[in-house]
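Single-letter residue listing:
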Amino acid sequence: MKRLLLPALLLASFSAHAVEYSNVIAEKSQIVFTSKQMGVPVDGKFGKFAATLNFDPAKAEAAKAQIDIDLASVDAGSKDANDEVVGKGWFNVKEFPKARFATTSVKALGNNRFEAKGQMTIKGKTREMTVPFSYKADGANGVFEGTLPLQRTQFGIGEGPWADTSVVADEVPIKFRLVASPGTAAKK
Amino acid sequence: MTVLRYTRTAMLLHWLIAVLILGLFGLGIYMAGLPLSPQKLKLYSYHKWAGITVLTLALLRVLWRITHKPPPLPASQPHWQQLAAHAGHGLLYVLIFAAPISGWLMSSALGFPVVWFGVLPLPDLIAKNKELGELLKLVHQYLNYSFLAIVVGHALAAIKHQWLDRDGTLSRMLPTLNPEENRS
Chain A
8 MKRLLLPALL LASFSAHAVE YSNVIAEKSQ IVFTSKQMGV PVDGKFGKFA
58 ATLNFDPAKA EAAKAQIDID LASVDAGSKD ANDEVVGKGW FNVKEFPKAR
108 FATTSVKALG NNRFEAKGQM TIKGKTREMT VPFSYKADGA NGVFEGTLPL
158 QRTQFGIGEG PWADTSVVAD EVPIKFRLVA SPGTAAKK
Chain B
82 MTVLRYTRTA MLLHWLIAVL ILGLFGLGIY MAGLPLSPQK LKLYSYHKWA
132 GITVLTLALL RVLWRITHKP PPLPASQPHW QQLAAHAGHG LLYVLIFAAP
182 ISGWLMSSAL GFPVVWFGVL PLPDLIAKNK ELGELLKLVH QYLNYSFLAI
232 VVGHALAAIK HQWLDRDGTL SRMLPTLNPE ENRS
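Those sequence lines, one after another, are chains A and B. Take 8 as the starting number for the first sequence in the numbering used here and just add one per residue. Take 82 as the starting number for the second sequence in the numbering used here and just add one per residue.
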């Protein structure tokens, strides 16, 4: 094993210039959101999601990503809210257990800032979404942070009396932080 | 009967706070039992706005009280009743602060910060902590039951003195049409 270490380190230092991140490390990644109720910001998060990623900072245009969020894993800030949002008027997780965001194109904006365009699918409705994000290297890993500018009413999240955006704001920005390791270090 | 009265400012603060806290008791008990709905979220917000308003008015009131001597209790009142009145008022002053502050603490701990009238975000007094939040919820509840009990006692005592003893205790907190008697 020791004899393999030096070549491996050398390889790593070479590939640092043309690295492709392709393994999202779930334990280090997170997806959180902030809903606004009567003007009060309330933090929430999704505990379970799966993300795939192919991102080479030198070839951002070729990058691809897909995030599947397990909607039943939502923590909307209180037990009452958690029981409510999985129900029919909100996510309706029985019929639509997952939300999916899949990129269609990625554009480099310079300065490690990027912009992904993609399709968000929730509750059987698909909408185009533009997602600004940043990239930075953290040791061997790449860290991707950005915000999905979700407008809940576009997807029928919160129907009937809950559609009133003066109580629960339409904008529910979803912030993600994905940590991915390079493909060469893939653990299967 | 000529009585020495509280200042008009003290009366205004007293009655304004009285109306607000009676409304808050009722609203608090009613809304806590509601199933989650937009209406419930609205009521919780109104409750929090009114509670912070009480806290602000209570601050003003204490400042006013420190700088303006209240009229004496009727001399006809037995000593023990005067002592009981002072003790009761002391407790009311403590609870008028403790009740809204416990609500504010509870909101902070439960992760639902207070945004006064939907525009002014108040700082969180403590960090989010579910268990502590549930505990503070109970604290808020029992403080307010005690508060309500003392308010009821305070009102009954005032009624007793005014209409059974006819010693003019309540008149001290009521405005009069006679301009000579008004203090401002």
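These aren't lab readings, by the way, just hints derived from the structure by calculation. It is possible that part of the hints are untrue.
Derived DSS-like pairs (lysine-lysine); straight-line CA-CA distance at most 27 Å [as the list claims (entries may be wrong)]: (1) A:Lys55 with B:Lys123; (2) A:Lys43 with B:Lys241; (3) B:Lys209 with A:Lys86; (4) A:Lys86 with B:Lys150; (5) A:Lys101 with B:Lys121; (6) A:Lys52 with B:Lys150; (7) A:Lys43 with B:Lys150; (8) B:Lys209 with A:Lys52; (9) A:Lys35 with B:Lys211; (10) B:Lys241 with A:Lys52.
Pulled a few chain B residues facing chain A out of the computed Cβ check, cut under 10 Å [unchecked claim]: (11) Lys123; (12) Tyr125; (13) Ser126; (14) Asn210; (15) Lys211; (16) Leu213; (17) Ala238.
Where a beta carbon is used, it is the ideal one built from N, C-alpha and C, also for glycine.
Going down the list of hints, with the structure as the test:
Taking the CA atoms of Lys55 (chain A) and Lys123 (chain B), the gap is about 31 Å. The hint is violated against a cut of 27 Å. Of the pairs offered as hints, the one joining Lys43 (chain A) and Lys241 (chain B) is violated, with about 49 Å between alpha carbons and a cut-off of 27 Å exceeded. A distance of roughly 15 Å separates the Cα atoms of Lys209 (chain B) and Lys86 (chain A); the hinted pair therefore holds under the 27 Å criterion. A distance of roughly 49 Å separates the Cα atoms of Lys86 (chain A) and Lys150 (chain B); the hinted pair therefore is violated under the 27 Å criterion.
Using a Cα cut-off of 27 Å, the hinted pair Lys101 (chain A) and Lys121 (chain B) holds, with the two alpha carbons roughly 26 Å apart. At roughly 54 Å between alpha-carbon atoms, Lys52 (chain A) and Lys150 (chain B) are farther apart than 27 Å, so this suggested pair is violated. For the suggested pair Lys43 (chain A) and Lys150 (chain B), the alpha carbons sit about 46 Å apart, so the restraint of at most 27 Å is broken. At most 27 Å may separate the alpha-carbon atoms for a hinted pair to count; Lys209 (chain B) and Lys52 (chain A) meet this at roughly 14 Å.
For the proposed pair Lys35 (chain A) and Lys211 (chain B), the alpha carbon gap of about 23 Å is at most 27 Å, so the pair holds. Taken as a hint, the Lys241 (chain B) and Lys52 (chain A) pair is broken in the structure, with Cα atoms around 56 Å apart against an allowance of 27 Å. Given the 10 Å rule on beta carbons, the hint for Lys123 (chain B) holds: about 6 Å separates it from the nearest Cβ of chain A. Interface restraint check: Tyr125 (chain B) against chain A, minimum CB-CB distance 8 Å, threshold 10 Å, status holds.
Because the closest C-beta pair between Ser126 (chain B) and chain A is about 4 Å apart, less than 10 Å, the hint holds. Below 10 Å, beta-carbon pairs count as interface contacts, and Asn210 (chain B) has none with chain A, the closest being about 13 Å; its hint is therefore violated. For Lys211 (chain B), the interface hint holds, the least distance from its beta-carbon to any beta-carbon of chain A being 9 Å, beneath 10 Å. A least Cβ separation of about 14 Å between Leu213 (chain B) and chain A goes past the 10 Å threshold, and the interface hint is therefore violated.
Nearest Cβ of chain A to the Cβ of Ala238 (chain B): about 38 Å, over the 10 Å cut. The hint is violated.
Going down the numbered hints, you'll see the structure goes against 1, 2, 4, 6, 7, 10, 14, 16 and 17, while the others check out.
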